[in-house]
Every structure is written in C-alpha cells, then in structure tokens.
Amino acid sequence: MANITKKVSWSSRADESGAAGEGTPLLNGSEQPRLFRQSLDYDNIENQLFLEEERRLSHMGFRCLEISRWVVCGLIGFLTGLIACFIDIVVEKLAGIKYQVVKENIEKFTEVGGLSISLILWALLNCAFVMVGAIIVAFFEPIAAGSGIPQIKCYLNGIKIPRVVRLKTLVVKVCGVICSVVGGLAVGKEGPMIHSGAVVAAGVSQGRSTSLKRDFKVSVLFNHYAFMPATARAGGTMFLGGVLFSLEEGASFWNQMLTWRIFFASMISTFTLNFFLSIYNNKLGQLSSPGLINFGRFEGDTVAYNLYEIPLFIAMGAVGGLLGALFNVLNYWLTIFRIRYVHRPCLQVMEALLVAAVTATVSFTMIYFSNDCQPLDPDHTEEYPLQLFCADGEYNSMATAFFNTPERSVRSLFHNQPGSYNPLTLGLFTLTYFFLACWTYGLAVSAGVFIPSLLIGAAWGRLCGILLTWADPGKYALMGAAAQLGGIVRMTLSLTVIMVEATGNVTYGLPIMLVLMTAKIVGDYFVEGLYDIHIKLQSVPFLHWEAPATSHWLTAREVMSSPVTCLNRVEKVGTIVDTLSNTSTNHNGFPVVAIFVLFSIQPAKLCGLILRSQLIVLLKHKVFVELARSRLTQRKLQLKDFRDAYPRFPPIQSIHVSQDERECMMDLTEFMNPTPYTVPQETSLPRVFKLFRALGLRHLVVVDDENKVIGLVTRKDLARYHLGKHGLEELQLAQT
Amino acid sequence: MSSLVLVATLALKICAVVSSDGLILTASASAGGQVSPLSLPAAAVLNAPVYPAATEPIFSLNLLSSFPEDLEISGYCNELLRVFGERYVAYVNCLVPAARPVKVCQSCFSSYGSLQATYLNISTDQMGPGNVSCKDSLLRSDRLMLVYVLYSNLEDLWSRSDCDNCITKGFQSLTSDMLYFLATLNQTLTCFEKYQQGNHTELCKNCKASYKDLNELYGRMEKNSTMCIDIEDSMNMTRRLWSKNFNCSVPREETVPVIAVSSFMLFLPIIFYLSSFLHSEQKKRKLIHPKRAKSYTSLNIQDKLS
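The listed protein sequences correspond, in order, to chains A and B.
One point on numbering: in our numbering, the residue at position 171 of the first sequence is 171, and numbering is uninterrupted.
One point on numbering: in our numbering, the residue at position 149 of the second sequence is 149, and numbering is uninterrupted.
Note that these hints are calculated values from the structure, not bench results.
Computed from a prediction, not measured in an experiment: that's the story for all the values here.
Where hints are given, some of them may not hold.
[Said to hold, decoys possible] Quick list of in silico lysine-lysine cross-link-like pairs, DSS-like style, CA-CA up to 30 angstroms: (1) A:Lys103 x B:Lys223; (2) B:Lys223 x A:Lys93; (3) A:Lys108 x B:Lys208.
Isolated chain B (complex conformation) (with noise of 0.2 angstroms):
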C-alpha cells in the first residue's frame, strides 16, 4: 500500500517537474495526471473487458508508472520498501496490544530493533547493488515524505517511552536492571494475590517487605536514571494496589503532639506581645518645632482656614 501512495505521488511530482519546462507540456501532463483516473476506467470498459472496471483504482494509478525509467525507484528500493512496510506493521501490530498495562519495551523491543535495521539500510548514504541509493528517491523525493513521516512517528514513541534505558545495546535482551525489577515486581504481585483475599491489614502487614524493597529499587533506579516507561508504570499501577485498593498507606496518627506543640508555639508570641506592652518602656517621639516668624507663628492654618 505505501509503495502505491509512492508511485501516486511520484507522478504528481513529475508534473511539478515538468510544468517548470513549459506551459503546453503542463497542461497536458496535468490533465494526465488529474483526469485520467477518473476517465480511464470507463475507456477500460469499453476497450479491454479483461479488467473489471471501477473497482480497481490501483490499475489506473499503475497505468501510469510508465515514467521513463531513470526517475522509476529500482527493484532494490522496491525490496527496501516492501520489507521495510512488513516489518512496520509487524512493529506496530505488537505495539497495540501492549498498551495497556505498558509493556511496549519488553514485548516490542526486537520487533523495533529490526525495523530500525530496514530503515537505516533505507537511509543510508552508502550506495547498494547496481549503485542506487534508495535514501533520495524513498525518503524525500516529495512533500508527503511518508517513509520518513511513518518512522520518526515510532522513532519518536520509542524515545519518549525511554526503552533504550532497558534494553541492551543492539536490541538484544533487557538489561539485568530491568529483569531484577521484573523479578521483585513479581514477588510483590504475587503477595498480594496470596492475601488478597482476607483481610486487608493481613495484607498491609505480610506484604509490606516485598512492597519497600520494589519501592526502594525504583527509587535507585529513578536516581539513576535507568527507567523506562514498562517500568514506571508497572510501578504506578502497584503503588496504586497498595494506596489505593489495600489503603496501606501510613495513616494520620499524632495528631495530639502536633497540635500541642503547634499551640505551644502559637502561645509564645502571644505573651511575648504581651509582656513587652506591660513592661517595655514606651519610646517617645520627640518633635522638632519650627521656628518661625514672630508675627506668623500665633497665625495658625486652621485659624487662617477659617
């Protein structure tokens, strides 16, 4: 399907071309380009019965990949994008279903690992058999640039979701960091499975060493900075488990020492004002009289006012 949207595209593409060289040629090319896939079917109909008009669109669009053979990508590119569209949607196929719960690195990885193989073979500026390279004409030989566009997509989920930070170098496995955590998770999950069922506190009580030491190995790997999305929410969701559902958070309990020694400390300005009203000496401002003419200084303002 993508290299169709290809070749559709290369054709307008050559229009564009075209139309830089002359008028006349543009408007036939055009009316090529534009008109023919609407008319062509019914010419089919009429002329060849062969071909079941209509319903095949993509007959009228391969019509039209008869450009002359130097602007036509070669078999090897062709190659490229075929494997490089299977190993897509085996990527993206894998993805969808490990939404939710997160799981995208550690069920993905391999799948993503030989995607990015196909698409730097794509992209790379070293020439293939019969001296092509497929970077020109697969990634930027038009404006929708889709080959490119699709990647950077999942190049950009990749890098967001911080997986290189699980797995090894070369998409080989995870990395023991995250198959410790998995490890820990796991006792911890099944923890709770085992006491879920009684009461809460049992839980809250038995559970309590496996749920601090996942806490504390998240908390080192957060320092470290050796997270990946799996991790976090995985994470997440058992912090949930035990706040939320086992309401095994650490509850309100002193609340009579706070408040005493709140209210102590509320009292002593209280007595500080106090103390200091009662027994500072007060401080008085002296004023500094003006000195003024002799026949204007028992004239005051308010007697002048009135």
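Here chain A stands alone, though its shape is the one from the complex (with noise of 0.2 angstroms):
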C-alpha cells in the first residue's frame, strides 16, 4: 500500500525502507524540483490590481465576457465531437483491416491446415498496433496510461496533476487509445474520451498551447474557476450521462450555470459527433444516428420486466459488487508489482506486448476448441463471422463475442436472439475475459475499463438469463453489465443515466438503479472502487465528499504545518529568492505578515497571502522598490502580467537575480490577497475540510487569538486522514 506506513510498506523489506524514507531528503533537488502534486488555485486572488481591473469593466464588457464564456463552451463542444468521431472512424477503419486480414487468413488455413500461423499472425498484428500505442506513451507521455479518469478526477478534486492536460497529452491519448482498441485489448475507449474531452476543455479555455507556442487570449475569460465546467465534458452520446458524471465524480465546486454550460458543451458534442457520423455513413443532416456507447435499443416485449424479477436483478447486483471486488483486489496486487518492479518504459511496453499476444492466443484458443455452432440471424450484424470447424451455414459463436471490437461484443450479446450462446461458451468467455481485462488495466497503454466490465457483466448477465430459461437473456446481460460495471467502478448517479441512455429504454431505470446500489454496496463492504484504488496507489492528496468520520476531536493545530514560512509586507529580494528557490520545502503559498524574521518561532500577525506564482511574476518583472523610485516611467503591473504567465509559471532558477537586486526591497502589499481564509487553531478537522472542498481552497491560514500567524493547512495535511479498519488512521503521502 502506498501510504499506510504502519501496515504495508512500498518495500518488501518494510523498516528499511521506512529508515530510507526518513534519511533521505525529500528531494534531490537537481532531478525533479516540481513535479510534487500541486493543488489548483481555485480561489480568487482578490489583490488592488483585481479591484481595479473590475472597476475598468463597463456593464457592457461583462455582459461581451459573458457571451464569449458560452462561444467557448460551444467551441469546446464542437472540438471534443470532432475527436470522438475522429476515434471512432479510425478504429472502426483500422479494426475493420485486421479483422478482415486474420478472417481471411483463417479461412485458407482451415482447409489446408496450417491454423497455427493465423494464431501467430493474429498476434503478431496485435502486438504491432499495441506496441506503437505502448511505446508513444511509456516514451513520450506516461501520464496518458490507463483510463484518465483518476486523472480526471483528481483534477476536478482541485489538484494539479503535471501535464495532465497538455495538448502532447491529448494527440499521445488519442494514438494510443486508437492502437491499443485495434490491437484487441480488453479496453474501451470511453475513459481515454473522457480525458481527452477534458483536455480540450482546459486547453481551449485557457486559449492556448506551449506546444504550438500559440496564445489565442482566451485565457481572459476564464479565471480559475471558470475553466472548471468545461473540464467536465463527457464522451460522445452520454450527454446526460456526462453531465453528471463531472458532478458525481469530482467537481469540488458546483453551481447551476455550471451545469447549465456543462450540458450546453454535451449537447454541442453530440450534435457535432452525429453530424460527422452522418457524413461518413453517407447519411448527411441524418442527426438523430446513435452516438458512441450505443449498445441498442430493446425493443418489444423484452422490455418488460415483471415485480418478480427485481429480486433476482438485486442478486445480480450483489454478484456483480463480488465479482467487481475481486477484480478490483486482483489489479490492486498487479498494480503494486508493476509500480515496483516494471516500472521502466521499456519493461512496460514488452509487458503490454505480452499481453496482446496473450490475448489473441487466448482468444484463438477459445474459438479453436470451441465447439458451439449457431446459425447467424438473417438480421445479423456480426461483420467477421468465423465458420472454422463448424458445418456450412453456421459459425462459431465464440467468435461472435472474442473475434470483433469489445463494443461490438456487448451489442451482440444484449441483442442476439435467445439461443445464439451456449451457456458453455459464455462461462468460458467470461471466465477468460475476466481476468484479461484485469491484467489489462494498469498497463502503460491509454486504455479504458468501462467496456471490458460492461462486456464482462454482459456474458455473466447472459449466462443468467440462460439458466433462467424464462426470461430473454438480453435483458438480464444489460443487469449483469451494470451490475459489474458498478461493481467496479462504483459509481451510481451518473452509471444509471449512462446506462439508461446507452440503451435507450427508460423503462430499465429502477432496476438499474438497484442493481447499481447493491453492486456499490456490496463491494464497498470489501474494497474500494477501481477508479479510487489507482488514485490512492498515485498517492494523490485527494479529499472525499466528507471528511472521515470520527475526527471531530483533530483540530486545526493537530492538523496544520508549522513552523510557517512567512514574508514580510515589504520584504529584501535576497530573501525571496532564497525562499523560493529552496527545494526542500518547496512551498506555494506564503503567509504576509507585518514583522517577521526568518527561521524565528515567534508567530507574527498576519496581513495577507501571497503565491510562488506571484513572486516569480513580480521577481521576473522586477518590481522592486528601488527601481521604481529611480524609473518613474515604468508601466505599472497589471493583473494581465500574472495571467500572461498563466497557467505554467516559469520556474524559479530561470529567473536571474544579481548580487545588487539581491539587496533591494519588494512591496508585496499591492499584489498580495489581502483578505485570506483563516481559521482559529480549534475549529475541528471536518470544519476545515469542509471549507476546503466547498470553496476550493490551496491554503489554509490558523492563527492564534491575536491573528498571528502559527500554521497552514494544505491539502496534503486534510487528505492523510482516512478512517481504517481500526478507527481514524494517518497515512503518508508517498512522492511521485
């Protein structure tokens, strides 16, 4: 475990590595002095350069900056389409090939003999579409791994994760999750979507790239808090569904014109995805063409479900909650040994090589012995039907669910008519899926779990329903793919809507809904959700909805750091500098106070706060008293200096101080946020925490009766208490 010291150490020889911990400093400053997990500075800085910017902005200006607010939402609704409908094709395109070569293949080899190359060549193309998506992200952009929704949620949460995203981030993702889909992996493409709708939020609300060196000011609209909304975006059809998963999944900070754009954002993509999706299908200005995650609608009486059923859907939900622990514990030991032991990019794309071979020889094995034949409905819409050893006229059906895209799997199996799947097969797929995708998630492709649970969920569902013999079984692989899917990711507000809509039958709302909360239900009881478990194993400060229970007793003074670094109202440059640039402690936030002296633990009273970022704008600008006296002319700073340097602040050793400004004064008093939050040092821990996740706060000031300065809470200090199995417990935050 990452962080619990007392339990589970990172190493396998736990007091030595403890001792190691303690010995080593926290930073060999010359590797990497910012790469520590920063919070997001949702909290405006409401400084005299604020105050004056807002008395120039005429009633009109806001009413302009308003419009243009909503031109952005749109824009980024337009952009995150393009890219889902750009995935889409490509993957459709690309996998329409492959298949197309290995069918082939196949089919002249199972006369003449000779299966065994097709296996070989099966793998052989996975493994060339997997490794291009491994190496892209092991080489250039580790943080494109996986899902992104840890990603994604913890930047919602308020922290900032480095370069989580950078345009490199968005093209590596998209590459990636292309290759990896085509190179038939057990993923998905949702996650990656999410993130790179996510990306593209963030991108174009802050106007512009230090990729492309391009600056396109749009950043003047959106403080801080504003690019949140667009952050939220969602993939492809799940309008709603996306909508909502912003709210349940992370967004510290929520109001209702938030939502509104949100969902104006949604709708545009979706508009925009179906548009394009027209054109391609030769359908133009056909708007209505279902979106991304379609898995069908159900239609005619198998919509129907009786009072009786709901029992049985609530036990699959509890199956489901089993069966999503176990994959969540599974990946959780995997995850572990990969941190430790397959951590170089190297090591990682030969495991996600391995891996794709593994696959397609697993899944060719499966086909192979396969002995379930089915005749194809004359509806059908398998496009790669296998016909191997089976008689004329008929295929393999283990085909129909491993030999074809995962997306295309679960449709097959909602859809096909009762009697397509052998209850053999479908034990067998779900079986060997299962553990598939479990060895899947964590490798270091861009990849998402959301299809393999639904696929996973689906087979058992089916299986279920087959065994029920009574009912259709495409209504019970719907249950069993929201109930394993929930079982893993645990999520409820947003999954239902998701699912709803995905399928497009309202009518499955209720049972959904409960065999989504049973599913959460009974794997909380045993694990944590999946999602949750990667943002943990990243050793991400990342607070909860509510602060642990029982820790009313913890006080702010138990809680916060100290001794505080502060700076004096009018401070020496040397000082800052020297503050700043020191690697041990890195902070970000600075505590003004009237008179203090370095290093004393005197407290002192305090007058404001002041950021890294400010510091290095005003140091860059060299705003110092001295000169301002000498060189009367010079422009005054403005509130645009600081956004210019927005949102990546140049680091302290690029800026170059000589001997002589060493010695001038800084006036912070104009720049400094003059009203910050504080706290008294015995408001409780849940009291703190609250103000944390309700206002998005960075820093934290307690201070004593007097208002002087004796601590600071961050963050970090919130998010180590966690309730365990043995009451409240105090985690250590692992480095990244």
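Bring the two chains, given one by one in their own frames, into a single complex with the hints.
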C-alpha cells in the first residue's frame, strides 16, 4: 500500500524503507524539483490589481464576457465531438482491416491446415498495434496511460497533476487509445475520450498551448474557477450521463450556471459527433444516428420486466459487487507489482506486447476449441463471422464474442436472439475475459475499463438469463453489465443515466439503479472502487466528499503544518529568492505578515497571502521598490501580466537575480491577497475539510486569537486522515 | 364469396351513413340490417316455399342488395372482383405445395404476375368503361378493406421472399443467374445421389469440386444480393446434407501445433514477470513527512486515542 506506513510498506523490507525514507532528503533538488503534486488555485485573489480591473470593466464588457464564455463552451463541445468522431472512425476502419486480414487467413488455413500460422499472424498484428500505442505512452507521455478518469477525478477535485491537460497528452492519448483498441486488448475507448474531452476543455479555456507556442487570448474569459466547467465534458452520446459524471466524479465546486454550460457543451459535442458520423455514413443531415456508446434499443416484449424479477436483479447486483471487488483486489496487487518492478519504459512496452500476444492467443484457443456452432440471424450484425470447423452455414459463436471489438461484442450479447450462445461458451468467455481485462488495466497503454466491465457483466448476465430459461437473456445481460461495471468503478448516479442512455430504455431506470446500488454496497464492503484505488496508489491527496467520520476531535492545530515560512509586507529580494529556491520545502503559498524574522518561531500578525507564481512574476518584472523610484516611467504591473504567465509559470531557477538586486526590497502589499481565509486553531477537522471542499482552497492559514500566524493547512494535511479498520488512521503520502 | 362479404359490409356501411342523417331512420335501418337475416327466412318459409328456408342465408343477404343505384358497385367492378378472386385462389393454390422445400419463386411467379395485374387494374385511378373507377368502391369503402388486406398480405410475402431478385421484369421468366444456380445445384445433387449409397468419404472426395463451385457461386450471389428464398433454402438444405448427413466438414486436425504455439505464448509472461521480479531494481517511494507544531509531533493519533 502506498501510504499506510504502519501496515504495508512499499518495500518488501518494511523497516528499512521507512528508515531510508526518513534519512534521505525529500527531494533530490537537481532531478525533478517541481514535480510535486500541486493543488489548483481556484480561489480568486482579491488584491488591489484585481479590484482595479473590475472597476474598469463596464457593464457592456461584462455582458460580452458572459457571451464569449458561451461561445467557448460551444467550441469545446465542437472540438470534443470532432475528436470522438475521429477516434470512432479510425478504430472502425483499422479494426475492420485487421479482422478482415485475419479472417481471410483463417479461412484459407482451415481447409489446408496450418491454423497455428493464423494464430501467430493474429498475435503479431495485435502486438504491432499495441507496440505503437505502448511506445508513445511509455516514452513520450506516461500520464496518458490508463483510462485517465482517475487523473480527471483528481483534477476536478482540485489537484494539479503535471501534464495531465497538455496538448501532447491529448495527441498521445488519442493515438494510444486507437492503437490499443485496434490491437485487440480488452479495453474500451470511453475513459480516454473523457480525458481527451477534459484536455480540450482545459486547453480551449486557457486558450494557449506551449506545445504549439500559440496564444489565443481566451484565458481572459475564464478565471481559474470557470475553466472547470469545461473540464467536465463527456464522451460521445452520453450527454446527460457526461454532465452527471462530472457532477458525481469530481467537481469540488458546483453551481447552476456551470451545470447549464456543461450541458450545453455536451449537447454541442453530441451534435457534432452525429453530424460528422452522418457525413461518414453518407446520410448527410440525419442527426439522430446513435452516438458513441450505444448498445442498441431493447424493443418489443423484451422491455417488460416483472415485479418478481426485481429481487433477481438485486441478487445480480450483489454478484456484480463481489466480482467487481475481486477484480479490484487482483488489479490492486498487480498494480503494486507493476509499480515496484515494471517501472522502466522498455519493460512496460514489453509487458503490453505480452498482454496483446496472450490476448490473441487465448482468444484464438477459445475459438479453436469451441464446439458451439450457431446459424446467424437473418438480420445479424456480425461483420466477421468465423466458420472454422462448424457446419456450412453455421458460425462459431465464441468468435462473435472474441473476434470483434469489445463494443460490438457487448451489443451482440445484449441483442442476439435467445439461443445464440451456449451456457458453456458464455461461462468460459466470462472467466477468460475477466482475467484478461484485469490484467490489461494498468498497462502503459491508454485504455478504459468501461467496455470490458460491461462485456464481462453482459456475458455472465446472459448466462443467468439462459439458466433462468423463462426470461429474455438480453435483459439479464444488461443488468449483469450494469452490476459488473458498478462493482468495479462504484459510480451510481452517472452510471444509471449512462446505462439508460446507452440502451435508450427509460423503463429500466429503476432496476438498473437498484442493481448499481447493491453492487456498490456489496463491493464497498470489501474494497474501494478501481479509480479510488488507483488514485490512492498514485499517492494523490484526494479529498472525498466528506471528512472521515469520527474525526471531530482533531483540531486545526494538530492538522496544520508548522512553523510557517512567512514573508514580510516589504521583503528583501534576496530572502524571497532564497525561500523560493529552497527545494527541500517547495512551498507554494506564503502568508504575508507585518514583521517576521525568517526561521524564528515567534508568530507574527497576518496581513495577507501571496503565491509562488505571483512572486515569480514580480521577480521577473523586477518590481522592486528601488527601481520604481529611479524609473518613474516604468509601466505599472497589471493583472494581465500575471495572466500571461498562467498556467505554467517559469521555475525560479530560470529567473536571474543579480547580487545588487538581491539587496533591493519588494513591496507585496499591492499584489497579495489581503483577505485570505483563516481559521482559529481550535477548529475541528471536518470544519476545515468543508472549507476546502466547498471553496476549493489551497492554503488555509491557522491563526491564534491575536491574528498571528501559527500554521498553515494544505490539501496534503487533510488528505492523510482516513477511516481505516482500527478507527482513524494517518497515512503518509508518498512522493512521486 | 368475397363479393358476398363485400355486399354485406356495404349494407352495414349504409346503416352508418343513414344514421348520421336522422335518428328514426337509423333505428329502422339498423333493424333492417340486423334483424332481417334472422327473421326473413322464417317469413320466406311461410310465404314462398320456392326458396329452401334457412339453408340459404345468401339469399337473405341478397335481398338486402337493393340499395339505390348510385351506391351499388358497377358490373365492371364486379367482374374485376371476380377475376381477382380467381387469380387469388390460383396463386394460393400454387403457393401452398411450394412451401417445403421452398419453391415459391420458381413455380408461382406467373400466377403472382397475373394477380398483380388484376390488382393494378382495380387500384388504378383511370376510369374504366362507363366512367367508373373501382378503386374507391372495392378497396376502401368499408372498415374491413378486404381486397386490399388480402392482396397486401401476399405482396408482403412476395417481398419478404425477395423473389424479385430471381424473376425478370414483367414476370416473364427466371433470371439467368437463377437458372445457372439451379443448374449447378442439380449437378451437385446428382453427384450426391450417385455416391449416396457407399462410403460417405467417397462422396466427400468426389463431390467436393461441384459442391465448392456451388458454394462459391452462392457466396458471389450473396454479395451481389441477387438472392431469393428459393436459392437460400436450397443452399441451406444442400449445406445441411453436406455437413450433417454426409459429415464432410473440415475436421479439427492440427490440435498439437496450436496447443504448442499457444502454450509457448502463455509461457512468455511468466518468464517476463519472474525475470523482472528477480532482476529489476525495486522502486522505492519516499514518504513526505509532515512538518508539525513541536508540541504535537510526539503526540501520535494512536497515543491520543488510547
């Protein structure tokens, strides 16, 4: 476990690692000095510059600002839809080519012998695609690995994960997900799509890209607070689901306007997707074509469900919770192994290749030895039916599950006629796919876990339906899929809506809800959700919805960090530079006090709070008291100068300060936030927690009754408390 | 028979028309419509012994057909209706025996053609002799719309069987594709018949060429979508014969190489994980230690709890 030192340690030799951790300095300054997890600054800095700008802004200007925000939201939706459309089409094309080649090969060799060659061909094709995907992820942008949902969840929670919303990440993510889906891994493309939507949103609202060295001057529209909305985009069709997803999964701070704007962006994105897909399918202007996640509508009598079926559904939910917990536990141990031993990029690429090869092998073996032959429906949707050793006119039904992109397999499990699968086929499929998916998640490829979970669930759900004999198996496949997905990711609200949307049957709203609730309750009894596990393993100071229970006796005084490095209202440049360059602390916010002697324990009176980024901008523009006196013509620093540097401020090392300048003084009064949030030292932990969660704070100053700074609470201080098996536990956050 | 039903429904329709005119008339008309079939035969027995009583309900209905002339269907339409009935019967008579094995397209296309022609005559907008159009009177003057429903059932059957793909325009003959397919099929079936008696392996060997030809032809036709139910069905039967009865499917023979290759593949990850476990340098995480107020650093949660 990453961070409970008392229980499990990273090393196999627990004590030693603990000792080593204490002994070594926290950072080897030269290596990656600023790769700490940082929080995002959502809080407005109401300094004098800000007030001045607000005063200048006319009523009309304010209106324009509002309208341009809407335009930007529309743009975000448009671009996201475009990307989704691109991924969809490319995956379809490439996968089509791959399956066609393999199918022809298999057909050729079925008769004359030599099917092991087809097996090798399949494995090689898979490996080739996966290799491209794994190399770009492992060597160019490791943050693009996985589904991206944990990262987005953290981002929405207010934690800045380096490089998570860069253009480079977006490119790697899109190419990576295409490669891994085409490469036949047990993955889906929905998680990465959510991530790319977030990158687009963040990128557009920042209006610039350092990779492209362009600046589109959009960031004026959005302060930090406002570009969140954007982040919340969702994949493809799940327009309503996407909105709820961002609501459920993250977003520390929420308001009606934001919801409405996200809704708008989602709708625009769906519209764009449908529009371009309609062009692609040569049905220009037909905008109702189903979007990205779409498992087809349940029609006719199959929609109906009976009262007596609800307990059955709930039981399936419980099974889904159990299986989901098993999945998570297995994946957890695997991930720990990977972090410990498979951390070099070339090893990661090799592992991905092996998984691809084994996936192909297992699928082929399953298809080869399957005796389940079924005739195709007259209105079948299988594009690559494999006959193999079946009688002429019949097709291997294991191949409809394995020899297909996962999304199509889900659709056929939902909708194929009763009797198109043997119970044995489904059982074997569930078993193998469960382990394959579990093994695949966490590889260094960009890949989501949505579709694989649905597929596993759909398979065993259909099995249940078949064993129950009287029921339509498709309905049970749907419930199984919901249960399995709920058991793995433990989302409730958004999953219900997504499932209902993806199948287009509102009738199933209640059963799906019950199933998901049961799955969550049962699963939570054993282990956390998959995303939470991965967030924890990445050692992210993630703040949950509520403070841990039974933590009211903890006060701010015990939680806070102390002593605090403070700055004087008028501070010597040398001191500031030294403080900022101190790699062992790497603080980000500094309380500004009346009189403060560095490194003294004595507390001083608080007058404001200033951020590292602001100090760096000030140093860069050399806003020194002495210089201001000598050069009266010097332009006054405006809020724009700070904004220009956003969101990537230069590191302190890149700022050159001469020896003379070190002796100058800097007046921070104008730039600091004069009214930072403070709490008295007796405030309880839940209270502090609520402030952080609701206001998106990054620093909270703890003062005594004379308004003297005695400590500082940051996100890391709060995130380390957690309710374990033996009551409240304190975790150690590992550095990454 | 169909004309009979039509007359009856016409009568009912008139009831409805009248009923909108006046209450009293409605009462008498409906009484006439409903009561008379029951009561009139009895009266007939008493008054006119010429007619055999009760056994001829047709007669009693015919009595009703004395509607005003402009509501009566013309002789021309009656004639059309009769022809439609005859051809309908002829087509259905042809269809039923062709149900299994399916030969509905090849044997009944001509009778469907003539049926369709008659129906077109009925449903046309052009006026027939005497300036009458039978479209309104025959097709949609009542709620049952019998002629229309009867015909559309058969039309639906026809379109579902995709027979248009195998029949030339104007229902002249079978298409050349179809004929060619039938010839190839015959060839294969003769071959089957020839070797049926002896060992099936013999059959599999000797008929493979012609069966393969047939299969390929079928595949091509499937792609061009020049298929109809006759072709599909006969191919299905042939395939079943070939695979199930004669057991000529490809056997699963090379199990060993497949198992060998796949176990090799499955073995690779084990080696990989073992070697990385043994040789790779373990990555350790450094923990961030909180900086706390002096007086509280010594006080741990555990201490405080206890």
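Problem - Hint numbers not upheld by this structure, sorted from lowest to highest - result: The structure conflicts with no hint, since it agrees with every one listed earlier.
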